[in-house]
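Please work from the sequences and hints to get the whole structure.
Now for the letters of each chain:
There are 2 protein chains.
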Amino acid sequence: MSTNKGAGGAGGGGKKKKEVKKETKLGMAYKKDDNFGEWYSEVVVNSEMIEYYDISGCYILRPWAMEIWELLKEFFDAEIKKLKLKPYYFPLFVTENVLQKEKDHIEGFAPEVAWVTKSGKSDLEAPIAIRPTSETVMYPYFSKWIRSHRDLPLKCNQWCNVVRWEFSNPTPFIRSREFLWQEGHTVFANKEEADEEVLQILELYRRIYEEFLAVPVSKGRKSEMEKFAGGLYTTSVEAFIPNTGRGIQGATSHCLGQNFAKMFDITFENEKGERSMVWQNSWAYTTRSIGVMVMTHGDDKGLVLPPKVAPVQVIIIPVPFKDADTTAIKGACESAVYTLNQAGIRADLDARENYSPGWKYSQWEMKGVPLRIEIGPKDLANKQVRIVRRDNGTKVDIPSTDLVEQVRLLLNVIQVNLFETAKQKRDACIAPISTWDEFTAALNDKKLILAPWCDEEEVEKDVKARTKGELGAAKTLCTPFDQPDLPSGTVCFASGKAATKWSFWGRSY
Amino acid sequence: MSTNKGAGGAGGGGKKKKEVKKETKLGMAYKKDDNFGEWYSEVVVNSEMIEYYDISGCYILRPWAMEIWELLKEFFDAEIKKLKLKPYYFPLFVTENVLQKEKDHIEGFAPEVAWVTKSGKSDLEAPIAIRPTSETVMYPYFSKWIRSHRDLPLKCNQWCNVVRWEFSNPTPFIRSREFLWQEGHTVFANKEEADEEVLQILELYRRIYEEFLAVPVSKGRKSEMEKFAGGLYTTSVEAFIPNTGRGIQGATSHCLGQNFAKMFDITFENEKGERSMVWQNSWAYTTRSIGVMVMTHGDDKGLVLPPKVAPVQVIIIPVPFKDADTTAIKGACESAVYTLNQAGIRADLDARENYSPGWKYSQWEMKGVPLRIEIGPKDLANKQVRIVRRDNGTKVDIPSTDLVEQVRLLLNVIQVNLFETAKQKRDACIAPISTWDEFTAALNDKKLILAPWCDEEEVEKDVKARTKGELGAAKTLCTPFDQPDLPSGTVCFASGKAATKWSFWGRSY
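Top to bottom, those sequences are chains A and B. Residue numbering for the first sequence follows my numbering, beginning at 564 and increasing consecutively. Residue numbering for the second sequence follows my numbering, beginning at 564 and increasing consecutively.
Calculated from the structure, these hints are not laboratory results. You may find that some hints are simply not true.
If several chains are the same, the list does not tell them apart, and a pair holds so long as it fits within one copy or across any two.
[Said to hold, decoys possible] In silico lysine to any residue, SDA-like type, Cα no more than 20 Å apart, as pairs:
1) Lys644 with Asp911
2) Lys684 with Ile669
3) Lys790 with Ala895
4) Lys1027 with Ile669
5) Lys864 with Ile669
6) Lys941 with Ala641
7) Lys664 with Ala891
8) Lys649 with Asp828
9) Lys825 with Lys941
10) Lys718 with Pro874
11) Lys645 with Leu634
12) Lys649 with Arg909
13) Lys707 with Glu766
Everything numeric in this text was worked out from a predicted model, so none of it was measured.
Right under this line is the structure:
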């Protein structure tokens, strides 16, 4: 058993710690900078977020992941209810006929659709698809429900599972065959209202990433090639993983325009008594968000959780010395948990007697808990507790009377620090370029490339073709709303034509 | 537009009301006592709970249903979290091999399992099942996670969709091919703890039905024939629908014993260092609960919602007279909504100008809102509001200053009244019988039959066979925990052997 003093380091003194780790297989085998892919798998499994399942591309979400999902959902659901979104649940299944109604849409999703063809031992009359997304599930009924301008806006949201039977590189949270999401589907009388909502929702997505997950994102618009299949335009929040040099789409808010309205005949009688076609949006964020957070903050000790989404914000660990008053130490720990819980802080006690304090330190570091509190005989005598930060390992002894105040302060500091650190790392990767040579150099250098572009679809196709390779081709990530100055005469890095905007380019997940 | 006085009745004066209804097709075409099946379909559709979907047996749950589901979920999820249940999400899919591991279990579910055999245009290597329930999805991993007695109890819950591709009589909420539920799966070191939890959960289910949905239920144990496929014993809460004379299983809490533990090799090292087999439970309630509530309380005007689960508890309708101060009336209505909302009461304003007050009365009656508040010029002058109860139509004028207090009181009274009324109706259907002739007479008379039984499986099979017919065979519903006295010498109504218990018998959903 390690001592209070010795336990000041992360898991007791060097040698002792190694023994404990070896004994329990608690350490990480991979380093984030050496083998990012294996490191990621190890973190999500060892932190008990994920269990691999016996069907490839399907994963078990354990409480350490689901509790984060519930915290995000609590925030987002309350926000969209303020925007008058109503909860719905539409079926998992859709007929082939309806699924194929919007041509671009089905072209985008067809290769990934899972089909049910049998029940029990009988063949179904016709195959039935499992929703890859619910536009075609919902919109025939929107057509039925909407008659007059008084039925607008119609605002539906559902929390559900969707299935996209992808075959490339399944990765927990990031790319899985079934995932959880919310999908909002809204209908308006005019484009202005639709446009406005697209951005309201995008701002909520930014808040999920930046305020909750402490992950910096760029808001922007997708290119024509990358927009939602069948939609008018797509906005997104885009994150970036410096270790792999890949962009990752965080969430999307689409304006569908009137394409689906045409196909599904969704019209209304306007105030002048004329039939008019509606304007529609759809938008979603998924459990992928958790994976982006893991990739952004995790380190060689495991997960690092932003306090706002940590299922346990403070873990309290008794450090009973030999001959110390263990009852008093346990009492002080229980009192600290109680005091913090009463103050609305998610604190928990690790009172397990079959593990050493050092082992517990390692385990809770692996699980990414923002603050550890250690209470030993010396702390008891001095009416203090020792607080250790997960994000940077710093330790501080604080008087027990200041517990709530200091913990609250530190949790806020960690939340800000994680975001600022991630933002600095991300910003350091942004490479503004102007020529093709600079572009390929930056791509090889794992940069988040900001390039002047002519915004022509053919040029994006061409860039994709020219950068094809083992690591995947480069493509546009988004055209950020926050545009640097574009002096007249600036040319497209790829085509040499006049550039019309700055866009982010890179490889992506 | 109807007047304040005329509007005292449900929807204005007789003639006027009929005209409005005809014009808007708002009335109910069927009566509960005349054609229960059509009445039920009409209520769930017209109240905007359900939309029929183009795949048979699948239904769209609209906000008026989903908001009830969310209220039930909020209660239940908080309660099971107090019992230390943790949120999980396991995959929708399960391989054929694993699904078939527990023989009795798969025999019970096989005919209803939906199979995915294709993705995109490719055939899958092997068909994959969609979960009809998640025992076989979860338990291989329980085996992996549980090593020592310290890993117990393990307590998992997930909120999700499941699919049972039934072919008999699809009915919204009651019998659908996809439904929403929670499924709890727990693992204990011994039978005592498992037994105890079975009843803790059953009590929560009773509370959902009796305290929230105001539906009286009987707690009891299922017969061997009716228990969960593969389990040790099943407890349930059973409701009864007097109109059809059918019992309906409200929710089930199963002790699985050690059957699944054997098949999936779920063992632990106990405190003595020996390998021991775990004890397991599983338990679930579904969106069916909403259907039972609709059937129990609905009337010829539509839905009747218990206040505790009503998405809108109080609807406030301005009744502007000709020449009246409509601005002042609207202001009084808005003030009432605000005051009630501030007090935590779910109140809403129907300010639509294109509908008459009478039409609105009918629509909100159709939707089952517990209280209607009318505010017209006379109410304004007298500083009062008129409150109309949905459950019994009574009206009362109360001073505006007493608004919150009176509304709160009335909502409580309605909640109690709905339960007591339903309980009286249900109790009046209970027919204690002792002979076969009494049994068949009571069955024809749509009774909830309480019969002394020998508790032999062969006898239940025999009763089923002898009562087969168009309406379906009779079977045991449950053996209620609350047992009447069973004098020695009492014989089984069906076999003439010694009776060992009183059981509920009847047709069922």
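Now the hints, each set against the structure:
no.	hint	in the structure
1	Lys644 with Asp911	between (32 Å within a copy, 15 Å between copies)
2	Lys684 with Ile669	between (29 Å within a copy, 13 Å between copies)
3	Lys790 with Ala895	neither (56 Å within a copy, 49 Å between copies)
4	Lys1027 with Ile669	neither (23 Å within a copy, 49 Å between copies)
5	Lys864 with Ile669	neither (44 Å within a copy, 43 Å between copies)
6	Lys941 with Ala641	neither (45 Å within a copy, 39 Å between copies)
7	Lys664 with Ala891	neither (70 Å within a copy, 50 Å between copies)
8	Lys649 with Asp828	neither (22 Å within a copy, 44 Å between copies)
9	Lys825 with Lys941	neither (74 Å within a copy, 50 Å between copies)
10	Lys718 with Pro874	between (31 Å within a copy, 17 Å between copies)
11	Lys645 with Leu634	both (17 Å within a copy, 17 Å between copies)
12	Lys649 with Arg909	between (30 Å within a copy, 15 Å between copies)
13	Lys707 with Glu766	neither (31 Å within a copy, 42 Å between copies)
In summary, the numbered hints that this structure violates are 3, 4, 5, 6, 7, 8, 9 and 13.
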